[in-house]
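S.K.: Sequence:
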Amino acid sequence: MDCNARSLLFILPLLLSRVVPVFPIIYPPNEVNLLDSKASQGELGWISYPSHGWEEISGVDEHYTPIRTFQVCNVMEYSQNNWLRTNWIPRQSAQKVYVELKFTLRDCNSIPLVLGTCKETFNLHYLETDDDQGSHFREHQFSKIDTIAADESFTQMDLGDRILKLNTEVREVGPMTKKGFYLAFQDVGACVALVSVRVYFKKCPNTVRNLASFPDTVPIDSQSLVEVKGSCVNHSKEEEPPRMYCSTEGEWLVPIGKCLCNPGYEERSNTCQMCRAGFYKAALGNAECSKCPPHSFSHHEGSLHCGCEKNFFRADGDPASMACTHPPSAPRNVISSINETSVILDWSWPEDAGGRRDVTFTVVCKRCRGNGAPPRCEPCRSGVRFLPRAAGLVNTTVTVGELLAHTNYTFEIEAQNGVSPLAPRMRQYAAVTITTNQAAPSPVTVIKKEKTSRNSVSLSWVEPERPNGIILDYEIKYYEKEEQETSYTILRARGCNVTLNGLKPNTAYLLQIRARTAAGYGASSPSFQFETSPDSAFSISSESSQVVLIAISSAVAIILLTVLLYVLIGRFCCHSKSKHPDEKRLHFGNGHLRLPGVRTYVDPHTYEDPSQAVHEFAKELDASCIAIDKVVGAGEFGEVCSGRLKLPSKKEICVAIKTLKGGYTDKQRRDFLAEASIMGQFDHPNIIRLEGVVTRSKPVMIVTEYMENGSLDSFLRKHDAQFTGIQLVGMLRGIASGMKYLSDMGYVHRDLAARNILVNSNLVCKVSDFGLSRVLEDDPEAAYTTRGGKIPIRWTAPEAIAYRKFTSASDAWSYGIVLWEVMSYGERPYWEMSNQDVIKAVDEGYRLPPPMDCPATLYQLMLDCWQKERNNRPKFEQIVSILDKLIRNPGSLKITANTTSRPANLLLDRSSSEAPSVGTMGDWMDGMRTLPCKEAFSGVSYSSCDTLAKTSTEDLKKIGVTIVGPQKKIVSSLKALDSHTKNGPVPV
Numbered sequence: 001m002d003c004n005a006r007s008l009l010f011i012l013p014l015l016l017s018r019v020v021p022v023f024p025i026i027y028p029p030n031e032v033n034l035l036d037s038k039a040s041q042g043e044l045g046w047i048s049y050p051s052h053g054w055e056e057i058s059g060v061d062e063h064y065t066p067i068r069t070f071q072v073c074n075v076m077e078y079s080q081n082n083w084l085r086t087n088w089i090p091r092q093s094a095q096k097v098y099v100e101l102k103f104t105l106r107d108c109n110s111i112p113l114v115l116g117t118c119k120e121t122f123n124l125h126y127l128e129t130d131d132d133q134g135s136h137f138r139e140h141q142f143s144k145i146d147t148i149a150a151d152e153s154f155t156q157m158d159l160g161d162r163i164l165k166l167n168t169e170v171r172e173v174g175p176m177t178k179k180g181f182y183l184a185f186q187d188v189g190a191c192v193a194l195v196s197v198r199v200y201f202k203k204c205p206n207t208v209r210n211l212a213s214f215p216d217t218v219p220i221d222s223q224s225l226v227e228v229k230g231s232c233v234n235h236s237k238e239e240e241p242p243r244m245y246c247s248t249e250g251e252w253l254v255p256i257g258k259c260l261c262n263p264g265y266e267e268r269s270n271t272c273q274m275c276r277a278g279f280y281k282a283a284l285g286n287a288e289c290s291k292c293p294p295h296s297f298s299h300h301e302g303s304l305h306c307g308c309e310k311n312f313f314r315a316d317g318d319p320a321s322m323a324c325t326h327p328p329s330a331p332r333n334v335i336s337s338i339n340e341t342s343v344i345l346d347w348s349w350p351e352d353a354g355g356r357r358d359v360t361f362t363v364v365c366k367r368c369r370g371n372g373a374p375p376r377c378e379p380c381r382s383g384v385r386f387l388p389r390a391a392g393l394v395n396t397t398v399t400v401g402e403l404l405a406h407t408n409y410t411f412e413i414e415a416q417n418g419v420s421p422l423a424p425r426m427r428q429y430a431a432v433t434i435t436t437n438q439a440a441p442s443p444v445t446v447i448k449k450e451k452t453s454r455n456s457v458s459l460s461w462v463e464p465e466r467p468n469g470i471i472l473d474y475e476i477k478y479y480e481k482e483e484q485e486t487s488y489t490i491l492r493a494r495g496c497n498v499t500l501n502g503l504k505p506n507t508a509y510l511l512q513i514r515a516r517t518a519a520g521y522g523a524s525s526p527s528f529q530f531e532t533s534p535d536s537a538f539s540i541s542s543e544s545s546q547v548v549l550i551a552i553s554s555a556v557a558i559i560l561l562t563v564l565l566y567v568l569i570g571r572f573c574c575h576s577k578s579k580h581p582d583e584k585r586l587h588f589g590n591g592h593l594r595l596p597g598v599r600t601y602v603d604p605h606t607y608e609d610p611s612q613a614v615h616e617f618a619k620e621l622d623a624s625c626i627a628i629d630k631v632v633g634a635g636e637f638g639e640v641c642s643g644r645l646k647l648p649s650k651k652e653i654c655v656a657i658k659t660l661k662g663g664y665t666d667k668q669r670r671d672f673l674a675e676a677s678i679m680g681q682f683d684h685p686n687i688i689r690l691e692g693v694v695t696r697s698k699p700v701m702i703v704t705e706y707m708e709n710g711s712l713d714s715f716l717r718k719h720d721a722q723f724t725g726i727q728l729v730g731m732l733r734g735i736a737s738g739m740k741y742l743s744d745m746g747y748v749h750r751d752l753a754a755r756n757i758l759v760n761s762n763l764v765c766k767v768s769d770f771g772l773s774r775v776l777e778d779d780p781e782a783a784y785t786t787r788g789g790k791i792p793i794r795w796t797a798p799e800a801i802a803y804r805k806f807t808s809a810s811d812a813w814s815y816g817i818v819l820w821e822v823m824s825y826g827e828r829p830y831w832e833m834s835n836q837d838v839i840k841a842v843d844e845g846y847r848l849p850p851p852m853d854c855p856a857t858l859y860q861l862m863l864d865c866w867q868k869e870r871n872n873r874p875k876f877e878q879i880v881s882i883l884d885k886l887i888r889n890p891g892s893l894k895i896t897a898n899t900t901s902r903p904a905n906l907l908l909d910r911s912s913s914e915a916p917s918v919g920t921m922g923d924w925m926d927g928m929r930t931l932p933c934k935e936a937f938s939g940v941s942y943s944s945c946d947t948l949a950k951t952s953t954e955d956l957k958k959i960g961v962t963i964v965g966p967q968k969k970i971v972s973s974l975k976a977l978d979s980h981t982k983n984g985p986v987p988v
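At position 272 of the sequence shown the residue is numbered 272 (full-length UniProt numbering), and the sequence of numbers has no breaks.
A few of these clues could be false.
Here are the simulated lysine-lysine pairs, DSSO-like style, with alpha carbons at most 30 Å apart [to be verified]:
1) LYS119 with LYS165
2) LYS144 with LYS102
3) LYS875 with LYS840
4) LYS790 with LYS868
Calculated from the structure, these hints are not laboratory results.
Taking the hints into account, I'd like the entire structure generated from these sequences.
M.R.: Below, the structure is given as structure tokens:
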């Protein structure tokens, strides 16, 4: 080698100390080194071939750390092929490795007198093996990775300025399959120095995300992400299985799922650590531990809840975040007002409610005898009545009645709250002792007639239920019914019987009895009527009367049985003889007797052959008379179209046409035509009219009159607030009239709703859609499925939902919902409440509030229709009468309703349309406690109407009133009550 070239070769390592200093290299956590030449401070021991090629020398790096480098610079000779091979490198778990080379390279143009061929590149090779080959080296076994060229090369001038440019190149090798590999560097005539060689692979390092620990993960290949399942850290549980994906670059991506700290632990620094003393956490989650609420403590770490201090308690239903409380103190300032045998007790709220709002009161009645100290007391008899009740009182007053006269009583009034049962020794009560006054006896209620003759009658009666002392005698007052008490007779009797003599034969008399004690006469009994025997009649005893009645009853029964047998034999004979199809029918196809002049609904499903019902009740039309114009909708069985019907010698009319789609089954055809069999029996201006059916050609069709404005609910929504009150009442009157007709026919609709009412161009409303199952299947959100079928929950009466008891009374309930829909212009009943919430709220007494600007009389009619007891609901005949009165008296519609509670059935017998007024604040509280949110008002105290009037919906939410309907109802009634206290009674 030339002397200049040799000196150049050896000066390269020394020049490394002149490289511009940089910060110490910190390798990323996702890189794992398999080889780092700078980490070895002794000889690396790599193989050089031939031996005079690459040369290993010592030097220092930019931080003056000793390193081992390799260099070669045989540019003065031709045909260079110098190889440098590393030691065997175990692959570990890597499938792809990276080779980082740091080197310097001299510019060939800066080397004088080059005799050979000078290059400015070198080659990088590798060889995979399963074990160490030792010093065995074969050039042809290696595979080339790449030719390495320098980005920056140095010159002689650079050496003079002591500036050396360091190159860094990284190459990717893989995928690898064997246990290890060698790297080899081939020089073909360059002046190059390898400063460092680092071989590494990438991994996703272990980490903690969302309280889930993920282990070190090496990417499998370079094409896809690796899904890794995490494990929850200590003291936590999965909410959703935690997962992440490891990328080929060693990066964690897309965290999914998470873990939650156990009760008693909170998240701190990616771990779940125990709550500190004085704190608690009751539930699974990553929320912080909470400080113990008042009057509670936790002395240990990791507490799930805080224990209560002495004499403080927490009820079973209290959340862990609620302060511990104690029973209330005794009621104060008990006042009694005695009225003969009843007493009104009034008291003040306890001074200390125990920190709770669920305070109630219980009144215990004791009857005391003797003047000893203390007097002997025993519980009052069961006949004593408490109004409103003896236990669970939320108001501070109670009336006790049915007490005994001249008797000593002691009443103990105890205040209780939710923790009172947990502290029986801490209960306190206020007591008051009273003595009832002497009282007159209660009325005689049971009077019996013993014997009757032409001129006399014998009577007996039962002593009053409450004599209130010793009965001295009875006063009997009687007179002729025709004289109307203008002339009467009075007798007195000491016992409970009397005989009245000197009466007129065959005359009706009225009689009243009242008892007398030392306190005076009691109230008179109800009037009792009796009649004397006529002159021609003979007097008989009550026993003889019973014999005569039995004989008469037996005779009547025999006659009825004979008539029944005659009818049955006649039916059998008629049935066996009436075989000709043209004979006049006396019976329906299902065997029901058709009475002359009486129309009764017949269920078409009771026919053995359903097509017989269709032909009996519906007119068969010729398909050529029908012209279909357009499709306006789709039903379960086929399309719904509009068209025209032209019958011979009749004017062409517009009709609606329901068609049965092709490929139908026999059952589908029967179900489709069943609606026509039902409609064909009805003939009323407010019932959709059936024009006829087409069954003898295809498609099968049902043809009805055409209703231009479609369904009532969509029609009202389209014309919101565009009608007068009289117009709306007129629509409602038409619906009620149609339903009265159906009720009189004995037909129960089951699905009365605004969507099933059709409106024509003259705003005449007609009841339609007599196929309940079809409607519900089209609208599954409106149905609640039971074993017997589907029910439209929001329109159905409670007994029909619970027991499938459908009657005209359940249709009346549905009519109340339709009335609400009409007055709200098609709003959805019960808004967004779920079906289950509707069932629960209605069962607890909740009713829809009045729509905006709804007349009070119409809202009262709604409430009447929504009576829980079905027998209390108005009949459709009564509803029609009520609406007729409103139409004749339009001024009654000007009084709008608010949300205050009303008594039921006020409209049924009311001659005027005046609305009731708000009473006192106590009345308002009683009214509010009839709502399904009544428990929310337990223990709530308001000092004045001003305080009530300032109540907002947020305040109502805090006391548990979360349903929107009751919130609106309560806030509106508060405004009415406030107006009442300032300006006088307000109609509600």
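S.K.: Starting from the hint list further up, note which numbers the structure goes against and sort them upward.
M.R.: none
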